[in-house]
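Assemble the complex: chain G is given as a structure, and chain L must be docked to it using the hints.
In the order they appear, the protein sequences are chains G and L. Reminder that position 340 of the first sequence reads as 340 in my numbering, one-by-one numbering, no gaps. Reminder that position 79 of the second sequence reads as 79 in my numbering, one-by-one numbering, no gaps.
Honestly, the hints are just simulated from the structure, not real lab data. Think of the CB as a built atom: it goes at the ideal place given N, C-alpha and C, for glycine as much as any other residue. Treat the hints with caution; some may be incorrect.
Claimed, not checked - What the simulated footprint calls covered on chain G by chain L, stretch by stretch (three residues with Cβ under 8 Å from a Cβ of chain L suffice, anywhere in the stretch; the number is not a length): (1) 307 to 315; (2) 491 to 500.
What the hints assert, rightly or not - Estimated spans, in silico, between C-beta atoms of each pair: (3) Q116(G) to R110(L): 20 to 26 Å; (4) D122(L) to F202(G): 52 to 58 Å; (5) S49(L) to R210(G): 41 to 47 Å; (6) R218(G) to V81(L): 43 to 49 Å.
To be verified - Stretch-level coverage of chain G by chain L, calculated; a stretch enters the list once three of its residues show a Cβ under 8 Å from a Cβ in chain L: (7) 123 to 132; (8) 329 to 342; (9) 346 to 354; (10) 395 to 406; (11) 532 to 545.
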Amino acid sequence: MNHAYAVAAVTVVVLVTLLIGALGLRISRTTSDFYVASRTVGPRLNAAAISGEYLSAASFLGIAGLVLLQGPEMLWYPVGYTAGYLVLLLLVAAPLRRSGAYTLSDFAEARLESPQVRRLASLFVVGIGWLYLLPQLQGAGLTLEILTGAPGWVGGLVVAVVVTGAVAAGGMRSITFVQAFQYWLKLTALLVPALFLAGAWFGDDAPRARFDAPATFREHTSVRFQETVRIELDRPLTLTATGTVDDRPYDNGSLTLDVGSHRIASGTTLGFPAGAEVPEQSDTRAAGAAIWSEPLADSREEHPLYATYGLILATFLGTMGLPHVAVRFYTSPNGTAARRTTLVVLALIGAFYLLPPVYGVLGRIYAPELALTGDADAAVLVLPERLIGGVGGDLLGALLAGGAFAAFLSTASGLTMSVAGVLTQDVLPARGVRHFRLATVLAMAVPLGLGAVTADVPVADAVGLAFAVSASSFCPLLVLGIWWRGLTPPGAAAGLVIGGGAALTAVMATRAGIPAAGWSHSLLAWPAVWSVPLGFLTMVLVSLATRSRIPPGTAATLARLHLPEELTTKPAGSTAPEAER
Amino acid sequence: MPAAPRPRRETVTGVPRSGGRAGGRTARHAPARSEISEQTPLGATYVRSLMRSQLRTALLGLGALTLLVGTLPLLLQLPRVLTGEPLAPGPHLWVVLGVVVYPVMWLIARWYVRRAERNERDFRGLVEGR
Numbered sequence: 001m002n003h004a005y006a007v008a009a010v011t012v013v014v015l016v017t018l019l020i021g022a023l024g025l026r027i028s029r030t031t032s033d034f035y036v037a038s039r040t041v042g043p044r045l046n047a048a049a050i051s052g053e054y055l056s057a058a059s060f061l062g063i064a065g066l067v068l069l070q071g072p073e074m075l076w077y078p079v080g081y082t083a084g085y086l087v088l089l090l091l092v093a094a095p096l097r098r099s100g101a102y103t104l105s106d107f108a109e110a111r112l113e114s115p116q117v118r119r120l121a122s123l124f125v126v127g128i129g130w131l132y133l134l135p136q137l138q139g140a141g142l143t144l145e146i147l148t149g150a151p152g153w154v155g156g157l158v159v160a161v162v163v164t165g166a167v168a169a170g171g172m173r174s175i176t177f178v179q180a181f182q183y184w185l186k187l188t189a190l191l192v193p194a195l196f197l198a199g200a201w202f203g204d205d206a207p208r209a210r211f212d213a214p215a216t217f218r219e220h221t222s223v224r225f226q227e228t229v230r231i232e233l234d235r236p237l238t239l240t241a242t243g244t245v246d247d248r249p250y251d252n253g254s255l256t257l258d259v260g261s262h263r264i265a266s267g268t269t270l271g272f273p274a275g276a277e278v279p280e281q282s283d284t285r286a287a288g289a290a291i292w293s294e295p296l297a298d299s300r301e302e303h304p305l306y307a308t309y310g311l312i313l314a315t316f317l318g319t320m321g322l323p324h325v326a327v328r329f330y331t332s333p334n335g336t337a338a339r340r341t342t343l344v345v346l347a348l349i350g351a352f353y354l355l356p357p358v359y360g361v362l363g364r365i366y367a368p369e370l371a372l373t374g375d376a377d378a379a380v381l382v383l384p385e386r387l388i389g390g391v392g393g394d395l396l397g398a399l400l401a402g403g404a405f406a407a408f409l410s411t412a413s414g415l416t417m418s419v420a421g422v423l424t425q426d427v428l429p430a431r432g433v434r435h436f437r438l439a440t441v442l443a444m445a446v447p448l449g450l451g452a453v454t455a456d457v458p459v460a461d462a463v464g465l466a467f468a469v470s471a472s473s474f475c476p477l478l479v480l481g482i483w484w485r486g487l488t489p490p491g492a493a494a495g496l497v498i499g500g501g502a503a504l505t506a507v508m509a510t511r512a513g514i515p516a517a518g519w520s521h522s523l524l525a526w527p528a529v530w531s532v533p534l535g536f537l538t539m540v541l542v543s544l545a546t547r548s549r550i551p552p553g554t555a556a557t558l559a560r561l562h563l564p565e566e567l568t569t570k571p572a573g574s575t576a577p578e579a580e581r
Numbered sequence: 001m002p003a004a005p006r007p008r009r010e011t012v013t014g015v016p017r018s019g020g021r022a023g024g025r026t027a028r029h030a031p032a033r034s035e036i037s038e039q040t041p042l043g044a045t046y047v048r049s050l051m052r053s054q055l056r057t058a059l060l061g062l063g064a065l066t067l068l069v070g071t072l073p074l075l076l077q078l079p080r081v082l083t084g085e086p087l088a089p090g091p092h093l094w095v096v097l098g099v100v101v102y103p104v105m106w107l108i109a110r111w112y113v114r115r116a117e118r119n120e121r122d123f124r125g126l127v128e129g130r
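One chain only, chain G, in its complex shape (with noise of 0.2 Å):
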């Protein structure tokens, strides 16, 4: 791939994002618009944001290695993520928005009346936020790394700088913009090629993608290894090596290997024959496997049809809980114009998903040694080249690689403005704009540090991670909450913590490898089927249990949650009759 187009591309990106975010820097000036953008941004722009800050370089590049992987049930990934805001509309979105409160803490505050839960729900808003940052950071790390060859760390912090410059100089009202800026930049970084592959597919006789055998080299296919891996073959197979296999050094030799395991070292370069079938992969965590293919895909082999319920429950119902989510919400100037919103998010997200699972596709067909090399997350800016070729390859190629950036910077940036307004509220001294300054860098270093610590542990299931724990533990906060009377701060604070912290101690210790197969494998990798009813039933038991410590407001809060804003905004003179009866 040309380097020199994809720099310009990212540096373009990365250019307009710091622009359109100083422009905010003028524009916002109060700390109202600091923080909600004053809450007077329309649908339409909101809902590009909101949009725009979701799409995650999971949903940019990862579902199309899952795909290229796995096939066609890895679809449930971004009809997962776009259900969750189904879900999150049906039962919160209004009512979130009409609690006035900021952040999911301020809602666990106002509903609850107890400042222990607030402290609680802050943990955890933090915890999800820093979660889901690391991935982002690694991945456009790994991003530039494919598309410069610079070190790995370069695009974290590239990415880093970035956002927090953009965040702690415009707050929210310049982050609104960058982020429908980049939601439009990066439906049309993945649809314009799109089309131009799809047209290259038909020109080329539109060969079928195989998912339910292993799929083949279309043409003889030079494959480097960047790192030691093992590989399982079906049937023996000839081939040419440079480098070393089985611990015996070749030169442009040829040879052939053996139906069983074989390993190849770092640096070796084999010449697969065209037909030949791509060969499994035997240990994809050894060798620092795709990053957002990976996640749990062992696991799904033993009990697909749990798995996937798994992965419904934590999509479904975590979207809700995630801080970034919640943050936006509050940017709506009342309730309804919350729910049209969402409206408006559902078909912006669901048009982009339409078109990542080409790419995995066409990646299976063109591109299946990515799967050999653990650069399965490549495919979506590998196949321009591969397809197209030429001038048209690279400039298609640098479109992707913007976008891809695009995704990295929007979704880092909803992040961190969320943690850093938790920060900034209940852990800083005090409030105020220049603080906010502070818990911006604060809420971008603790990741960055952490993702130059754990380099080498796959932090790559994060982002499923932090949708179970969030699908455990706000999701019963927010819907009880806004649906049941009968919730208290005691049933609340158990409620998050056994119901998150189950979810949180089961895939970390699947994550250490700790039940190496069979049931208890399955239940650890997917907890959300069971960690998601504990944490509803928890939340329920202990508040029945503690019913004397229902909130003396309850009746008023739920008032104000549920009824129409010009109903709960009186006007003025209406109630002074009454005040003097």
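What follows is chain L alone, placed relative to chain G:
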């Protein structure tokens, strides 16, 4: 002891219509609102009725989502269970999961938004006595 300030003279006219308790349709409107804002038992009943209708609408939408999308993994397993052998993922899987589900979800959302706004309109009508 300072002399008590003399009450200021005020012009007495009719009860202002906007906040009035007599005559016209505004008469019934103010009490219903204040029942709510003062959290009287009657006001609480008003709020409960709105919450119930909104919850019913939300649950209907959630039911539609569960029925139309949530059951898909089971439905897609059916041929595998019936014929006893793993079936190749056919084009129907791509069409359903890749395209059809999105307009279905959007239509559920649009139905919900309209219905929820109608609930609120009806409620406003009830409270303002129209």
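Hint by hint, here is what the structure shows:
Proximity of the segment 307 to 315 of chain G to chain L, defined as three or more residues with a beta carbon under 8 Å from a beta carbon of that chain, is established by the 3 residues found. Check result for the segment 491 to 500 of chain G against chain L: violated, 0 residues qualifying (beta carbon to beta carbon below 8 Å, three or more required). In this structure the hint that Q116(G) and R110(L) lie 20 to 26 Å apart at CB is violated, the actual value being about 40 Å. Distance hint check for D122(L) and F202(G): the Cβ-Cβ separation is about 53 Å, which falls inside the suggested range of 52 to 58 Å.
At roughly 57 Å, the beta carbons of S49(L) and R210(G) sit outside the given window of 41 to 47 Å. Taking 43 to 49 Å as the suggested C-beta distance range, the pair R218(G) and V81(L) does not conform, at roughly 35 Å. Restraint check on the segment 123 to 132 of chain G versus chain L: 0 residues with Cβ-Cβ distances below 8 Å, three needed, restraint violated. Residues of the segment 329 to 342 of chain G with a Cβ under 8 Å from some Cβ of chain L number 4, which satisfies the need for three, so the listed coverage holds.
Given as covered by chain L, the segment 346 to 354 of chain G passes the check, having 6 residues with a CB less than 8 Å from a CB of that chain where 3 are the minimum. For the segment 395 to 406 of chain G, the stated coverage by chain L is not satisfied: 0 residues place a CB nearer than 8 Å to a CB of that chain, which falls below the threshold of 3. Evaluation of the coverage hint for the segment 532 to 545 of chain G: breached, as 0 residues show C-beta separations to chain L shorter than 8 Å, against a requirement of three.
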